[in-house]
Amino acid sequence: MPPKGAKKAAAATANKTLVLDNGAYTIKAGIVSTGATPTYDDCRVVPNCIARSTRDKCTYVGSELDGCRDFGELAFRRPVEKGFIVNWEAEKAIWEHELMGEAAGAWWRCDPTETNLVLTEKPNCPKELQKNCDEVVFEQFEFAAYYRCVGATLNAYHAPTAASSLASQSLPQECLLIVDTSYSDTTILPLYNGKLLQSAVRRLTVGGKLLTNYLKELSSLRHYNMMEETYLLNEIKEAVSYVVPSSQQFARDLERTWKGRVGDRRELDASIVVDYVLPDYENAIHGHARPHDAAKSRMRRGLQPLQGPREDLLPLGNERFAVPELLFNPSDIGIQEAGIPGAVMESLSVLPEALKVGLLANVVVVGGNSLIAGFMERLETELRALVPVGYLLNVTRADDAVKHTWLGGARFASEQERLREVLVTKAEYDERGSTWLVKRFS
Amino acid sequence: MPHVEVLPNSAATVAPGWTYVVDTGYDPSKVAINPKNKKRAAAAAPGGQRAEDELSARQQTAIARRIAELERDNDPKQLITVPGKSSVPKTQNARRIIQYQRQIKHWLDDEEAQMGQAATTSRGSVSHAGGRGATQALRRQSTFASVPATPVEATPGPATMAQTPTRLDNTFAEDALLSIDQNLPPPLNSAELEALLAAPPLSYAASHAAPPPAGGPPQRQFCDNCGYWGQIKCRKCGARVCGMECKDAHEATRCLKWA
Ligand SMILES: [Zn+2]
Ligand SMILES: [Zn+2]
Chain C
1 MPPKGAKKAA AATANKTLVL DNGAYTIKAG IVSTGATPTY DDCRVVPNCI
51 ARSTRDKCTY VGSELDGCRD FGELAFRRPV EKGFIVNWEA EKAIWEHELM
101 GEAAGAWWRC DPTETNLVLT EKPNCPKELQ KNCDEVVFEQ FEFAAYYRCV
151 GATLNAYHAP TAASSLASQS LPQECLLIVD TSYSDTTILP LYNGKLLQSA
201 VRRLTVGGKL LTNYLKELSS LRHYNMMEET YLLNEIKEAV SYVVPSSQQF
251 ARDLERTWKG RVGDRRELDA SIVVDYVLPD YENAIHGHAR PHDAAKSRMR
301 RGLQPLQGPR EDLLPLGNER FAVPELLFNP SDIGIQEAGI PGAVMESLSV
351 LPEALKVGLL ANVVVVGGNS LIAGFMERLE TELRALVPVG YLLNVTRADD
401 AVKHTWLGGA RFASEQERLR EVLVTKAEYD ERGSTWLVKR FS
Chain L
1 MPHVEVLPNS AATVAPGWTY VVDTGYDPSK VAINPKNKKR AAAAAPGGQR
51 AEDELSARQQ TAIARRIAEL ERDNDPKQLI TVPGKSSVPK TQNARRIIQY
101 QRQIKHWLDD EEAQMGQAAT TSRGSVSHAG GRGATQALRR QSTFASVPAT
151 PVEATPGPAT MAQTPTRLDN TFAEDALLSI DQNLPPPLNS AELEALLAAP
201 PLSYAASHAA PPPAGGPPQR QFCDNCGYWG QIKCRKCGAR VCGMECKDAH
251 EATRCLKWA
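Those sequence lines, one after another, are chains C and L. Counting from 1, position 336 in the first sequence corresponds to residue 336 in full-length UniProt numbering; the numbering is continuous, with no gaps. Counting from 1, position 188 in the second sequence corresponds to residue 188 in full-length UniProt numbering; the numbering is continuous, with no gaps.
Rather than coming from a laboratory, the hints here were simulated on the basis of the structure. Treat each hint with caution, since some may be false.
[Claimed, not checked] DEER-style ranges, computed between Cβ atoms:
| id | chain 1 | residue 1 | chain 2 | residue 2 | range |
| --- | --- | --- | --- | --- | --- |
| 1 | C | Val422 | L | Ser190 | 21 to 27 Å |
| 2 | L | Ala198 | C | Glu255 | 51 to 57 Å |
| 3 | L | Leu256 | C | Ala106 | 27 to 33 Å |
| 4 | L | Gln60 | C | Cys68 | 37 to 43 Å |
| 5 | L | Leu188 | C | Val422 | 21 to 27 Å |
| 6 | C | Arg69 | L | Glu69 | 51 to 57 Å |
| 7 | L | Pro187 | C | Glu377 | 30 to 36 Å |
| 8 | C | Cys68 | L | Arg102 | 24 to 30 Å |
| 9 | C | Asn193 | L | Pro186 | 17 to 23 Å |
All values derive from a computational prediction rather than experimental measurement. We treat Cβ as the ideally placed atom computed from N, Cα and C, and that holds for glycine.
Sequences are here, hints too, so could you generate the full structure?
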């Protein structure tokens with residue numbers, strides 16, 4: 001019974017689309033209607049994890065974490081590993097809870113059978129995982145229609161920053177180089193008319209997860225055993241990290257934070273070294289940093305005052321800048337990869353000259369690591385030094401580094417014609433199967 | 001309170017039979033005349049280079065293990081069950097996929113194994129067009145292909161141990177870029193552009209950035225304990241420390257931890 005499919009397929013696309021930027025750390029999600037003008041406010045950010053506390057014996061799914069009051073020894077189960085959905089049992093539970101269940105609320109909740117899905121993925125995803133994903137989307141969730149693509153490509157559908165308003169909204173930017181420095185890793189993605197130049201995609205192992213784990217390892221080695229305190233160390237990383245402007249400044253700051261030798265002690269530079277006041281999860285859920293105080297710091301080893309609040313302090317010196325430095329020098333811990341600027345140049349090296357010129361003039365950075373103080377300045381300085389004189393170099397951070405890819409996807413999904421071209425309906429899937437679909441989306 | 005434990009400050013027990021030396025490169029003569037170290041000198045003298053190589057191989061393994069640890073997304077020892085009732089799988093496919101408890105490592109190993117097979121079968125075939133994609137995709141082995149699997153992570157199937165990275169197209173930017181003067185670049189060649197847009201994705205392993213160029217500054221070395229410059233090399237594990245104080249702490253904590 002062959003001819004049944006085709007016409008039904010076109011009719012079966014809905015006029016509401018769930019745009020889902022499914023990150024390892026957070027899900028960025030929102031419903032977009034055709035013809036709408038979506039904004040960042042239409043995007044909801046939800047932890048993509050199931051967390052379990054051995055202390056209050058509670059399990060938190062996704063946004064339920066907002067209600068958590070004790071992050072001590074909180075363990076996480078993350079369905080996305082290295083950027084790819086690996087554990088569908090957990091991902092399904094989180095999607096059902098956040099996108100279709102109570103937690104979504106009336107505004108965000110969707111009925112998949114009446115909704116299209118635009119789902120992002122990281123580049124270089126193993127085909128078997130893509131196939132699993134497609135099968136779950138259609139066979140388990142039964143979305144009306146579906147499009148899966150590398151998230152970064154959707155950024156081409158933002159109007160260029162300095163654009164004339166004359167530029168037609170429906171055209172993707174011609175040349176766009178996305179640097180996506182997020183939780184799982186950092187990827188370099190050159191785009192031409194919204195299409196990924198696959199052979200030039202490059203990836204750095206270093207992402208937010210590795211930075212948090214590194215800080216956790218260093219703090220546990222140098223001060224307290226904090227190996228079970230992932231949540232806290234992530235919070236500390238976000239609060240105190242900074243990227244030094246240059247390797248000369250790196251050397252200077254390293255001197256200023258060194259204790260010296262026995263018999264030749266140096267005073268720690270309190271403009272860099274901070275004491276992080278750890279939360280006790282009774283009076284305070286979150287900690288905070290303040291300038292280092294040697295006297296108070298000495299007190300922390302068992303010499304707490306009998307009266308007044310007890311304080312646990314974590315001193316942070318070179319950790320503040322040596323941890324995010326891995327984005328620029330992965331070899332500092334033995335990762336045999338160039339830093340972000342080197343990886344950008346390596347990516348461009350396999351492309352023709354004219355594309356290089358176009359891409360360097362439009363470099364856009366997305367992802368949470370770009371929010372670390374000093375990151376953009378360092379990236380631009382180092383890139384400038386690698387790019388030949390006379391080339392135009394434009395490096396900007398997205399207005400909202402976390403939601404930018406989502407908004408690009410939302411803009412893409414708001415134009416019905418464009419969306420129709422790429423969507424595959426459930427009927428088509430039922431007819432042709434998942435092997436066909438993986439090919440179709442590649 | 002978060003879970004914090006005060007760590008032992010420094011146990012300061014020096015393991016017998018080995019010492020720290022200032023790392024100025026390997027110098028067998030110094031070892032030979034060191035009277036405190038006769039036994040070691042005797043052992044090291046004939047096979048000094050080999051001992052160095054063994055240390056460096058062990059150190060490479062340790063570094064790879066540590067990085068794998070830092071890269072971990074989920075702790076396989078932590079079992080967190082999905083709370084409440086979630087919908088039942090609607091098809092057999094869905095059931096199978098939802099029940100998978102594999103980690104990403106297993107999927108990536110599968111991918112590598114399949115690519116290896118594809119490369120073997122296509123070798124010798126004259127068709128160049130089809131083979132090019134595979135070659136391109138294989139251009140770089142994962143830096144971490146050489147991480148020895150811990151028992152928990154061991155994947156059945158072909159092991160990819162200690163392969164040296166192979167790079168077929170490592171033309172690092174500089175030469176090409178520097179040769180350009182202020183003139184406009186040649187316009188895009190449409191055939192070339194078509195080929196680029198049609199290129200298949202690289203494999204995950206092949207997508208990793210290359211090491212920094214050989215001519216660049218040498219790898220920086222840090223104290224394994226405090227993070228200051230590491231000028232002294234531990235002869236047992238190859239890690240660096242900044243001085244005697246951190247040497248003691250290193251021995252008490254991390255020496256050979258990832259070996
Ligand atoms: Zn030290
Ligand atoms: Zn050692």
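Verification of the hints:
1. Taking the beta carbon of each, Val422 (chain C) and Ser190 (chain L) are about 23 Å apart, inside 21 to 27 Å as hinted.
2. Checking the proposed 51 to 57 Å range against Ala198 (chain L) and Glu255 (chain C) shows it holds: the Cβ atoms sit about 53 Å from each other.
3. As the Cβ distance of Leu256 (chain L) to Ala106 (chain C) is approximately 58 Å, the hint placing it in 27 to 33 Å is violated.
4. The hint said 37 to 43 Å for the Cβ distance between Gln60 (chain L) and Cys68 (chain C), and at roughly 41 Å that hint holds.
5. Restraint check, Leu188 (chain L) to Val422 (chain C): a C-beta distance of roughly 24 Å satisfies the suggested window 21 to 27 Å.
6. Checked against the given bound of 51 to 57 Å, the beta carbons of Arg69 (chain C) and Glu69 (chain L), roughly 30 Å apart, lie outside it.
7. Taking 30 to 36 Å as the suggested C-beta distance range, the pair Pro187 (chain L) and Glu377 (chain C) conforms, at roughly 34 Å.
8. The supplied range of 24 to 30 Å is met by Cys68 (chain C) and Arg102 (chain L), whose beta-carbon atoms lie about 29 Å from each other.
9. Range check, Asn193 (chain C) to Pro186 (chain L): Cβ separation about 19 Å, and the 17 to 23 Å hint holds.
The structure fails hints 3, 6 (numbered hints given earlier, in ascending order).
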